[in-house]
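Trainee: The chain contents come next:
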Amino acid sequence: MADIFFNNLFLVIAALIMAIYLFLGIISMFQLIEYKRANRYTDFSTLLSSPLAPGVTVIAPAYNESKTIVNNIKALFTLQYNNYEIIVVNDGSTDDTLDKIIKEFDLIETEYIAYAALPTQPVNGIYKSRNQAYSFLTVVDKQNGGKADALNAGINVSHFPYFVAIDVDCIVVPDALQKLVKPFLSHTDNKTIATGGVIRIANSCKIDNGQVLQVNVPDEYIVRFQVVEYLRAFLMGRMAWSKLNGLLIISGALGMFDKDIVVQCGGYNVNTVGEDMELVVRMRRFLYDQKIKHRVEYIPDPLCWTEVPTTQDALQRQRNRWTRGNIDTLKIHRKLLFNPKYGRLGMLGYPFWFFFEWLAPLFEAGGYVFMLFLLMTSIINWPIFLFLLLFVYLFSVSFSFYAVLFDEFTFHRYHRFAHLRKLFIIPFIEPIVYHPLNVYWAIRGNISFLKGNRKWDKLERKGFSNASPQ
Amino acid sequence: MLRKYKAVAVFLAAMILLIAFSFIVKSWLMQENWFLKSSSAFNWLHDLGRYLMATIEENQKQSTLLIWLFPVLFTALILTVVNIVTIALFILLRRWGSINLWRRKNKMRQKAQESIVEYLYGDSESALQQIKQLNKQMLVEEIISLRKQITGPKTEHLQLLFYQLGLDVFVTHKIKSARWFNKLLYIDAAQWMQVYAAFEQIQPYQYAENPHLRNVAQMACVNLDTGQAFAFLNIMDQSLPIWHQILLHKTMVRGSLPLPDFYSFLHSENASVIIFALNMIRLFSQKGPQNEIIRLVTHHDPMVRRNALRVVRDLDIYEAIPVVKQNFLGETLRVQVGMIQALSLDKPQETFEFYRNIWQDTPRRLQAEILKHVSPGLQAMLLKDMEPEQIEQK
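Residue numbers (our numbering), protein chains in the order written: chain E, 339 to 808; chain P, 746 to 1139.
One thing to keep in mind: the hints can contain errors.
Stated by the list, open to error - These stretches of chain P come out as covered by chain E in the derived footprint (C-beta under 8 Å, 3 or more residues): (1) 794–801; (2) 858–864; (3) 924–934; (4) 1049–1060.
Said to hold, decoys possible - Quick list of in silico lysine-lysine cross-link-like pairs, DSSO-like style, CA-CA up to 30 Å: (5) E/LYS466 with P/LYS881; (6) P/LYS1092 with E/LYS517; (7) E/LYS581 with P/LYS749; (8) P/LYS995 with E/LYS629; (9) P/LYS749 with E/LYS631; (10) E/LYS631 with E/LYS669; (11) E/LYS374 with P/LYS1129; (12) P/LYS1129 with E/LYS517; (13) P/LYS881 with E/LYS374; (14) E/LYS679 with P/LYS749.
It should be emphasised that the hints constitute simulated quantities derived from the structure, not laboratory data.
Quick caveat, the model's predicted, so the values are computed rather than measured.
All C-beta atoms in this analysis are idealised placements derived from N, C-alpha and C, irrespective of residue type, glycine included.
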């Protein structure tokens, strides 16, 4: 009897998961089409000359980035916006990160006014350049407190009503600020509180002076898996949740926020490794409590290029951290689960994240154990088992193919036939090789969380200067 | 309704189709001899399906759920395989097709651009004959694209070309297109090329539900209506987002259009219209009855109050200062920041007295804002009043 019960349970849940993913895929498709049509003739550069365009602060925390910091800051100078400032927060680096910035940009310590009072580790000093060409650059030197703490310090000294939190080692496309700020200006009935853009993978791309000159599909399979994974996550998942207004996360690599609301909510939470997700959930919860209509929006344009882990160990540590951050946020805001007071966030977004992002890998692992049990007790019906396995496998393959198709129809970044050849192979291998690893890392993340691990595990990057074109 | 929930509609349709197909597949599997049995292409699939179905039904231990779901799963499996193959082929063919199409289009565009340049700077007559043979939609796109990039007398030549090609009639006709994104292109073209004949058709779209269409129509009407260009503001129910305000402002500046009396919109019931009017009054430094602005400093909408305060500051409306001081303490933080900026108009000694009275009850953000807007002398005096630990924090 028990095996029939479990058979039915796994069958129903698998069917449900597939139906939900199919539904999200359809929503994403419509959302992408609408975005492309609506912005076909939009001249974002209008913001460059308009006196009505709001000011934006770019906050980039840096910790032991000595090798690349100067080039990374120079890359930020390529951003095109008429009224913006860049705040680099040196989060107690133990190398010569600060010295290099001071020397390169001719900085001197200056007096400052803290506009917000978010608690942070002590600030050692605020630096501005003597060179007028860098007048929009501010460097905050503070004692080490982690990424969230560094971002809070940046918010405290920022001048403008909106801020963009970025990873200093990411490559942000020049018109990213124009595209990120537009949703804040386009809605009046629903207040936009945060926007994010699609993150793309820069490994193997040809990069010069902070600009992606040539997009390539990496040779390493571990990176290629992530290329398809990112396409799926951003073009299919987050676009759909953006349309449903159920987004719980804006990627820490690039996101724009309404500063006043962030300050009212108490800024970034320094006690979690998932500070990006936690902030968005807290902001939304705060606005639902205040009964203020709001939205969090995702832009399908590839606005940011980042380097992803190239080794299994590094990737495992990254996924472990993501899992811990996810659980932490879900735990902190557990009151949201199926709580109608929190609208779509409580009834759709949070439950999806709870069941599909946190519990699904655990459930899947349970499925593997159940399968082993059936094998060991020899009560497995091989033809049916193989049929169901094939079905799930092919569904997964087709879902990845849809992600590639969406990219092809929208932004078309992988434009060579060689790119296609590389991308087409991945969906067939990924469910067998990469997906089980992801499940394993998620389980390890759960165990780490239970053990009380709160470490950030900073990702070691090769740096873009080493990235070679194909 | 269907438009709003089209994703749900498509999903439900897909599910219904899947179930319908699964019935067909089930009946196909149940027939031992089916009508295409002689063509063996699908025999193996038929046999496989029959075998699996029989295995499930024979195995008493299997759940009835699986027996019931099998035809659906089997159909979905077939459709998934078809999907994968179709997508892969589609992408590849599209690549081939798009490369060829791109080459062809590029060639045509190049030809169009060369002919337009020839028309503007060379032999107009022969160039015109060449241009007439080209695709009209592409010509509209090319001419508008060029028009957006150039200024000076050549813009009139370009406009003349547009009319000589009969594109004004084409554009006016195409505004009726059923697709909203096509309307966008043609309304924009009518606006840039001053196609006054299109005004009547564009006018209703000023109140369209689609914000993109509404915005482009409003810009076009501002450009094309020589009488009551901003009349739509009087009867508009929808809000006017900042993005639309930015584009309307740009349209006015670009076309050097005569400015309406923006003070007349300050009594609107639509707060976004008042904000737009205040922004325009401020940016164009339009003079008018100051009491209208002062009245809005106490408007019920905080966004209106903030924008009114900006006008007070930029147009030096000293008369508003007492009202600002009187309402300061009960205000929201964002409006208070605007008030501090407006109070920079006041006499230093009076400002100092005012700030000193409220200093201790003022949050840090405001204190910082105050310090930013007072002279260094007053700054030192205010800091002298602060508690020592507060100074350290700053």
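Trainee: Find the hints from earlier in the document that the structure breaks and name them by number, from lowest to highest.
Mentor: Result: hints 2, 4, 5, 6, 8, 11, 12 break, sorted rising.
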